[in-house]
Every structure is written in C-alpha cells, then in structure tokens.
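What follows is the residue order along each chain.
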Amino acid sequence: MQLTITGNLQSEIYTPTTPPPVWTPLTKAIKDCKVGLASACGVHLKSDTPFGKAGDFTHRRIPSSAKGNELMVTHGGYDNADVNRDINCMFPLERLNELVAEGFIKSVPDTHVGFMGGGGVQDQFKSVTAPAAAKILKEQGVDICILTAG
Amino acid sequence: MQREIEAQGIPTVIIAALPPVVRQQGSPRAVAPNVPMGANAGEPHNVEMQTAIVKEALLAMTKMDQPGMIIPLPYEYHAKI
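Line by line, the protein sequences give chains A and B.
My numbering applies: residue 2 is where the first sequence begins, and numbers increase by one.
My numbering applies: residue 42 is where the second sequence begins, and numbers increase by one.
FYI, nobody ran anything at the bench for these hints, they're computed from the structure.
Just so we're clear, the structure is a prediction, and the values are computed from it rather than from any experiment.
Among the hints, erroneous ones may be present.
[Unchecked claim] Straight-line C-alpha distance at most 27 Å; calculated BS3-like pairs for lysine-lysine:
hint: 1; chain 1: B; residue 1: K121; chain 2: A; residue 2: K139
hint: 2; chain 1: A; residue 1: K47; chain 2: A; residue 2: K68
hint: 3; chain 1: A; residue 1: K68; chain 2: B; residue 2: K121
hint: 4; chain 1: B; residue 1: K104; chain 2: A; residue 2: K32
hint: 5; chain 1: A; residue 1: K136; chain 2: A; residue 2: K29
hint: 6; chain 1: B; residue 1: K96; chain 2: A; residue 2: K35
hint: 7; chain 1: A; residue 1: K35; chain 2: A; residue 2: K107
[Said to hold, decoys possible] Ranges between beta-carbon positions, derived for each pair:
hint: 8; chain 1: A; residue 1: K107; chain 2: B; residue 2: P108; range: 17 to 27 Å
hint: 9; chain 1: B; residue 1: T103; chain 2: A; residue 2: T7; range: 20 to 30 Å
hint: 10; chain 1: B; residue 1: Q65; chain 2: A; residue 2: T28; range: 26 to 36 Å
hint: 11; chain 1: B; residue 1: K104; chain 2: A; residue 2: G8; range: 28 to 38 Å
hint: 12; chain 1: B; residue 1: D106; chain 2: A; residue 2: A102; range: 29 to 39 Å
hint: 13; chain 1: A; residue 1: Q125; chain 2: B; residue 2: G50; range: 14 to 24 Å
hint: 14; chain 1: B; residue 1: V88; chain 2: A; residue 2: T5; range: 54 to 64 Å
hint: 15; chain 1: B; residue 1: E117; chain 2: A; residue 2: G142; range: 31 to 41 Å
hint: 16; chain 1: B; residue 1: D106; chain 2: A; residue 2: Y15; range: 29 to 39 Å
hint: 17; chain 1: A; residue 1: A82; chain 2: B; residue 2: Q107; range: 21 to 31 Å
hint: 18; chain 1: A; residue 1: G8; chain 2: B; residue 2: V88; range: 55 to 65 Å
By construction, the Cβ of each residue, glycine as well, lies at the ideal position given by its N, Cα and C atoms.
Required output: the full structure, derived from the provided sequences and hints.
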C-alpha cells in the first residue's frame, strides 16, 4: 500500500502508533535471578520528598529493607485507597523479600525505584527518568525488573 | 520506562491493570491479572494473591519468546467503591 503524505497537514483522527519492539532475552533460571522493582505508582519513603502531583518526572530510591509502614504513595492519577491500605498491592516489596527467603528467586537489590507515572512530560521520562532508573538497577546487577503500572 | 530498562539490557515484565494501554505503548512483556488500576499486584492484605501474581509474572517471563506478549493471570479483585 502506498501512503499519501502531504506536507503541513495532520489527520484530525488521533492515530496512536506502537513503537518498535525492544527485547532483552532472559538467560537465567528465575531461582538464580536478582529481581528489582520499578513502579509508576508514586511510591516513596515517608521520610523522603513527596512527588509533585502535576507532572513530576523525578524518581525515588526505595531501600529493599523498608517496611510497608515506612512507605507511602503520592500520585494524583489513580484511586489511592487500596495502596494506602497496603503498599504491596502496587509495590510488592514484602512479597519479593519473602520469595528470596523461600528460594524462589536468588536475591533483591538494596535499592528499588519509585516514580510517578500516568502522564507528565513524556520526553523527560524517556530521556531522564528511565535511564536513571535503569542505571540504578543495572549497577546493582539486577537480572529481572518487575514493573507495576498501566 | 519499561522499554528503556529493557533496552539497557535488563529483561522486564510489567504487571498491568490496563493491558490495552500497555500493548499500545509497546511493552516487551506484560501480565494482566483482573484487578483495578491501583491494585496491580493484587488485593490489599491478600498475601496469597499478591505472592501468586508476583510468582506468575516471573514464571510468565520464561514462557515469552517474543516482544509484545500479554499473559492474563487468573486472579480477580474488585475494589469496593
């Protein structure tokens, strides 16, 4: 099919495009993996600076040793009722620690990553936030990253 | 975010409450329990469900051999509004 492209004209119909695929193969068994978390739920330590609810693209380091009651979310984009009752329903930190004890996974990094997804400045997320999060996980030798978002 | 972490060489999986959004955004791997946005990893204080969702998200990774796959997970929670 030949596409008709006319300069300086834009379709009135919003047509989202799916970006090209990205893929890193998983080469280890799950039980041999260090598993990190990165969540868009707006999680942070209660002692840390909360996210700004209008387009904050910063991130927070979450120690894997943090207790559930030391964490909270700041996020204006979804109903926080469930996550306020139990942080694990968006940020399953305690579940992951239990999986290490059980031997289902090998370990967790000392630091996970929290950020506030759901909009904001997408370019900044792509060029600043995401590389910073990836670097934190990469430096700790994380084999798998579980995200919660969307 | 997921795509960037994946591009940096770490295999990723996203636990998603909104699989169509995840698909459109080009997620490399996703699992989708039947949960509302805000309880992606399962019902509050339901340790059994949360553990199962995290475990199956990891196990699903071993079954995915190409980008863009979304595997539904058989766990259901409806928030009481």
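Holds or violated: are the alpha carbons of K104 of chain B and K32 of chain A at most 27 Å from each other?
-> Answer holds: K104 of chain B to K32 of chain A is near 15 Å, not above 27 Å.
Is the hinted pair K47 of chain A and K68 of chain A satisfied, with a Cα-Cα distance of at most 27 Å?
-> With Cα atoms ~11 Å apart, K47 of chain A and K68 of chain A stay inside 27 Å; holds.
Pairwise beta carbon distance, G8 of chain A to V88 of chain B, judged against the given window 55 to 65 Å = Since the Cβ atoms of G8 of chain A and V88 of chain B sit about 58 Å apart, the hinted range of 55 to 65 Å holds.
Between K107 of chain A and P108 of chain B, does the C-beta distance stay in 17 to 27 Å?
-> Taking Cβ atoms as reference, K107 of chain A and P108 of chain B lie about 25 Å apart, which means the hint holds.
Quick one: are V88 of chain B and T5 of chain A within 54 to 64 Å, going by C-beta?
-> Taking Cβ atoms as reference, V88 of chain B and T5 of chain A lie about 57 Å apart, which means the hint holds.
D106 of chain B paired with Y15 of chain A, Cβ distance criterion 29 to 39 Å | Cβ of D106 of chain B to Cβ of Y15 of chain A: about 32 Å, so the range 29 to 39 Å holds.
Distance restraint between K136 of chain A and K29 of chain A, which requires alpha-carbon spacing of 27 Å or less = holds (20 Å)
Verdict for K104 of chain B, G8 of chain A (Cβ pair) under range 28 to 38 Å | Distance hint for K104 of chain B, G8 of chain A is violated at roughly 46 Å.
Are the Cα atoms of K96 of chain B and K35 of chain A separated by 27 Å or less?
-> holds (14 Å)
Do A82 of chain A and Q107 of chain B keep their Cβ atoms within the hinted range of 21 to 31 Å?
-> Violated: the Cβ-Cβ distance is about 37 Å, outside 21 to 31 Å.
Between K68 of chain A and K121 of chain B, does the CA-CA distance stay at or below 27 Å?
-> holds (26 Å)
Cβ-Cβ distance between E117 of chain B and G142 of chain A: within 31 to 41 Å?
-> With Cβ atoms ~36 Å apart, the hint holds.
This entry does not satisfy hints 1, 9, 11, 17, going by the numbered hints stated previously.
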